[in-house]
Amino acid sequence: MSVDDERGAAWDVSGGAARPPGPVQDLSMPRTVLTVLFALTAVVTAASAGAYANRASVVSDAAGASPEADPLASTVAVDADRLTQADDLVVLGMWGYTVAALALAIFFIIWQYRHARNAKLLGSRSALGPGWAIGGWFIPLANLVLPVRQLWTASRSSNPGGRGAGIVVAWWVAFVAAILIDRTAAQLGVDGPRDDLTVGDLANADWLAAAGEIVFTAAAVLGLIMVRRLTDAQGAALAGRPGGAVPPAPPPPPPAS
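Position one of the sequence shown corresponds to residue 29 (the working numbering), numbered consecutively onward.
Since the hints were derived computationally from the structure, they do not count as laboratory data. Treat the hints loosely; a few may be bogus.
Claimed, not checked - Restraint-style ranges between C-beta atoms, simulated for each label pair:
1) Ser85 - Ile134: 30 to 38 Å
2) Ala198 - Ala170: 19 to 27 Å
3) Asn171 - Gln215: 18 to 26 Å
For clarity, every value in this text was computed on a predicted model and none was experimentally measured. No residue lacks a Cβ here, since even glycine has one placed at the ideal position from N, Cα and C.
Could you put together the complete structure from these sequences and hints?
In structure tokens form, the structure reads like this:
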């Protein structure tokens, strides 16, 4: 029994009585929606990477032979139309990602919660139960660990050998890496604390942001694969239970005396 299993057993306050199993949670709808949303996010972030790279190129051209020039100086040769267009594409990509990410977050939490509920039907005794599939996302700093830990431990219940799914770790590493790269790029650019930015600094920040968007694209592809793989594995495990995927009815109450 693992540490998580022992914690789960310790938190069982049912007095030793077996709790009736809840109904199997349907994952087919969120699986389909997440497949579409992850694919859409991958397309949006790939396009956003191109937009950042394009703006970096335009800014670099504006700097010309003076990469240390003040970006606000009138001596910097800037093609206003080209720069405005490049900036508009970046903003469009940011809005597209924001909309896709919000929709993705909602359906992913729904899917993760249902996946956690089904994991309990398969015998999961992890302390990070269904409640943590939701709450873990909203605890600052801890949300870098709790969601992936909960999902990984829940995936063990679908594996006859009790092993967690490696795709969960791969997806999370890519996702967190993309966030860190994106935050670093923002700090190096206009959102950072420096007041002596040069045109070259802005171009470098955009190149780094483009790299971050590429990693976001990889994370979206891994997320799509993960959701489909974990859903299918859990469905097979539920179907292999005695009685199939539908939980048995609870025993009838004792006759009235």
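Taking the hints in turn, this is what the structure says about them:
Taking 30 to 38 Å as the suggested C-beta distance range, the pair serine 85 and isoleucine 134 conforms, at roughly 36 Å. One distance hint, 19 to 27 Å for the beta-carbon pair alanine 198 and alanine 170, holds here, with the actual separation near 21 Å. Distance hint for asparagine 171 and glutamine 215: a CB-CB separation of about 20 Å, consistent with the stated range 18 to 26 Å.
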